[in-house]
Amino acid sequence: MPGSDFRSEVRALIAEILAGLAAILDWQVLGFLAVGVSLGAVFGSLPGLTATMGVAVLTPLTFWVSAEQGLAMLLGIYCGAIPAGGIPAILINVPGTPASIATTWDGYALTRKGSAGLALGVNAIASAVGQLTSIMFLAFLAFPIARFALQFGPAEYFGLALLGISLMAGVSGRHVIKGMLAGMLGLALALVGLDPMTAYPRYTFGMSEFLDGISFVPVMIGLFGLGEVLIQISERHKARKSASAEIGRILPSAPEARTMAGATFSGATVGTMVGAIPAAGGDIGSVIAWEQARRASKDKDSFGKGSLRGLAASCSACNAAIGGAMTTMLTLGIPGDAVSAILIGALLIHGIQPGPLLFAGNQSFVFSIVFLLVFASLLIMAVGLLGARPLARILNIPPPWLWTGIVLFGTVGAYALNNATVDVWAMYAAGLAGFLFRKARIPLGPLVLGLILGPMMESNLRRALILSRGDWLGLLTRPILLVFLAATVLSLLWPLIRRKLASTNPQP
Amino acid sequence: MTRADSIAGGAFLAVGLALVASGWTFPPGVGGLPGAGFFPQAIGGLMGLLAVGLLLKGESGGEDRRPEMSGTRQVAGTAALLFAYLLLWGTGFFAVRTAVFLALLLRFLGQGWLSATGYSAALTAFVFLAFSMGLNVSLE
Amino acid sequence: MPETGASEGDPLRYNHASPVVVARLRWILAACALLAACGGAEGPYPAKEIRLIVQAAPGGTSDTVSRVMGSLAESRLGVPIVCENKPGASGALAFSYVARRPADGYTIGHAPVEIAIVRSLGYADLGPSDVSLICMVSKTAPALVVSASSPWRTFEEFLEAAVRERGGIVMANSGIGSIWHFNILLMEQGTGARFTHLPYGGSTPALVSVIGEHSDAAVAGVGEVVSHVQAGKLRALAVFDAARSGVLPDVPTSHELGFPIGAPAWSGFFGPGGMQENQVELLAGAFEAAFGTEEWAKLCRERGMEALFLDKDGFAEFANQQQRFFEREIPKLLRLGGA
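Chains as they are written, first to last, in the numbering used here: chain A, 1 to 508; chain B, 1 to 140; chain C, 1 to 339.
Calculated from the structure, these hints are not laboratory results. Treat each hint with caution, since some may be false.
Straight-line Cα separation of at most 27 angstroms, DSS-like style, residue types lysine-lysine; simulated pairs [what the hints assert, rightly or not]:
1) K439/A - K113/A
2) K439/A - K57/B
3) K305/A - K500/A
4) K113/A - K57/B
5) K300/A - K439/A
6) K439/A - K298/A
7) K57/B - K305/A
8) K500/A - K57/B
9) K500/A - K300/A
10) K298/A - K113/A
Start from the sequences and build out the full structure, keeping to the hints where you can.
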């Protein structure tokens with residue numbers, strides 16, 4: 001009888017779920033999770049230490065413990081680092097990890113308005129909500145999401161990159177031409193290194209240090225960290241009335257929570273999808289989510305100036321990318337981002353092979369991972385909310401102390417990434433550029449987008465053309481690419497449409 | 001148009017033209033496919049056009065203020081210290097070199113010698129312990 | 001922070017690949033023993049931690065091999081082996097860095113097949129004969145895979161189509177100039193097949209494109225394909241080797257099929273040129289002891305590597321022969337590939 005079959009299947013599933021939960025309801029496993037989350041918070045909140053690095057460095061330590069314990073620690077680091085990356089983004093305008101670049105835009109603006117506490121609170125809550133939402137996707141829609149991710153061939157990646165690049169105008173604020181110019185500069189910097197298709201060295205000046213291109217993280221630390229320090233030094237003579245910075249309340253009010261709810265959930269959806277696509281993660285996802293929230297909002301001008309919705313969307317998306325990446329990893333055995341690539345290696349050591357076999361054959365382990373992710377996100381939310389006030393004290397540190405701290409952590413972090421001196425030079429050069437760009441009111445967001453998306457755009461367009469045998473129009477037969485192209489065109493024409501609308505009913 | 005805009009426009013125009021020119025030196029694509037020089041030229045061309053736009057129009061909607069060149073002495077001094085530190089990167093005695101650099105930087109930014117020395121020593125020790133011992137980064 | 005008397009200003013570091021406390025205790029014990037033995041003077045080698053430079057980013061095969069080997073060998077040496085990643089330029093940055101260090105035995109490097117390739121690619125003027133080779137520990141054969149739903153069920157069917165269609169089959173590779181890309185070119189050279197090459201930035205995206213059916217076939221290390229083959233996503237048509245692979249025992253080898261082609265990836269260790277014989281032998285002995293452990297055998301099984309130990313002379317002969325092979329073949333192969 002089909003009914004009883006179904007019922008016994010459900011019963012079996014519930015048994016697997018409970019077994020998965022039981023396997024981690026162990027004080028040692030939860031202890032490792034807590035250790036992981038705290039370590040992750042340290043790695044994430046210090047500019048120059050990334051989630052990838054934290055997981056990579058601590059993976060060998062997990063060889064000596066059980067699979068559940070090891071995984072708890074590594075997932076804890078992963079889940080702890082991403083929201084923690086938003087903390088320096090909010091407090092000092094320096095993203096702790098690449099995923100929190102979009103968090104600087106509204107988060108730091110809120111801090112300048114004296115609402116640092118609220119920004120940190122929103123970061124903690126939206127991050128957790130985003131991650132929990134993505135875990136729900138993982139638990140219930142894993143295979144459809146995985147199939148969607150596998151649809152991504154070169155043409156589709158090119159479309160995604162193009163859409164991302166078209167957001168340059170949107171994230172430029174009022175300085176659209178200069179923003180686009182900065183974006184082009186980012187794309188140009190991304191050209192440095194071996195040509196991805198022919199391995200011909202471009203702009204390397206004969207130095208093998210440049211063959212793999214310019215490392216992104218040192219440039220990010222320089223542009224945002226060192227650049228911001230130099231700006232603050234140049235403006236310090238101005239009366240600093242906000243010497244003892246306001247922290248304000250932490251928890252958003254009920255009306256505020258209501259305004260943010262939509263942006264948080266749509267951010268989570270975008271983040272999960274982008275995170276599921278291999279090689280695209282929270283950095284791209286949060287920018288797309290931020291721009292999407294801006295489009296959807298009636299109050300577009302507040303974005304970038306301390307909009308709670310923009311903040312919630314970006315925080316939610318960069319954490320939702322975790323669930324997306326884990327979905328691809330668990331269902332297909334394919335890393336969704338750099339961290340999950342290392343996680344796969346760690347699981348292999350324990351004799352666990354992520355992929356369809358694991359999903360079908362060892363469901364209780366998959367549910368263990370789901371519960372670990374749930375606990376981790378609740379834990380990091382609690383830590384984030386409780387820690388917001390003490391952390392915000394950082395604003396009361398005498399500025400020179402803070403500046404030297406950022407400089408030193410940035411320098412050593414840039415070096416430690418690849419143990420490469422050239423990365424330290426890149427960081428300092430980017431710092432000077434970041435300072436000059438800010439002075440000339442050239443937005444930095446597009447530059448970063450260009451750097452991230454340049455290689456993705458170029459290599460995938462050229463791959464797509466190899467597949468279509470050089471036929472450009474042949475690319476247009478791919479439905480997902482067409483959707484991306486339509487979205488790109490729309491986003492490029494949007495400012496014109498808006499201006500039209502604005503001129504028909506002029507604002508006072 | 002502000003002076004910063006014209007400087008930026010000129011610089012971007014130069015970079016764009018250089019990209020277009022350098023594109024010719026790369027091996028061309030075979031079989032109708034774009035070669036290694038295609039993207040440099042496309043990006044350079046777009047950058048050049050935007051730069052011309054900026055030079056002609058200025059940034060519409062931008063405030064017509066000259067960039068404030070205040071605090072130049074402070075920034076130049078900081079940059080000089082940073083550059084000196086960068087040149088000495090990897091020459092040995094990381095901890096000593098860093099503590100001295102930080103102390104000089106703090107002193108330059110107006111801290112007293114005592115607090116500058118103490119804080120820089122503490123910060124250096126912390127970073128050295130965290131990275132060198134905790135993360136096995138060989139700082140030298 | 002505890003400080004030991006014999007550290008001579010050298011920072012006490014933990015090793016990645018062992019629990020912090022154990023590593024520290026072991027180090028302190030070793031330091032005490034040394035102190036007792038020679039009164040704090042320049043002790044016998046090794047008297048302090050050894051840095052092992054890995055030419056790839058954390059998480060990959062090179063990194064895992066180095067960390068596991070390092071942690072297994074350090075108990076034998078009595079000092080920690082600390083791994084440091086210096087990725088870039090196919091490993092050329094790390095090789096040149098190690099080669100420039102003083103040959104005191106305290107900086108060594110992981111030596112993958114790329115050390116025999118980088119000179120031919122022009123990334124660094126350095127080859128196996130310029131460094132002190134210590135020993136080799138593993139070998140990974142390349143495997144040719146297609147999507148599980150592809151029409152080709154055997155190597156012969158695939159080859160027949162590749163020869164007939166001359167470029168009709170799209171072959172994803174892990175990057176121009178990578179070892180797996182050379183294997184594809186060797187296949188073209190040795191069998192008369194012709195492919196449309198689709199370069200990716202590594203084996204994973206290349207395999208993903210085959211799984212997602214965006215390209216038809218790929219060549220990657222046996223260890224990289226085995227999980228997807230077992231999961232029924234990929235079908236392995238051949239292993240480019242003389243002997244069958246332990247993890248893919250049902251897949252025919254290229255030699256069996258009548259095409260003696262295949263350039264494996266391998267892992268070994270090296271130090272700066274001119275290291276003392278006894279230091280090299282001491283390190284090789286420690287790695288050999290590590291090689292004999294069950295942990296190493298297990299890792300090789302999981303990663304699809306063939307455990308293969310060559311001492312310094314055997315490794316030198318092998319690596320130099322590889323270097324000559326690549327110096328001869330790479331210019332020809334790259335001309336063939338049109339790059």
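Q) Which of the numbered hints above does this structure break? A) 4, 6
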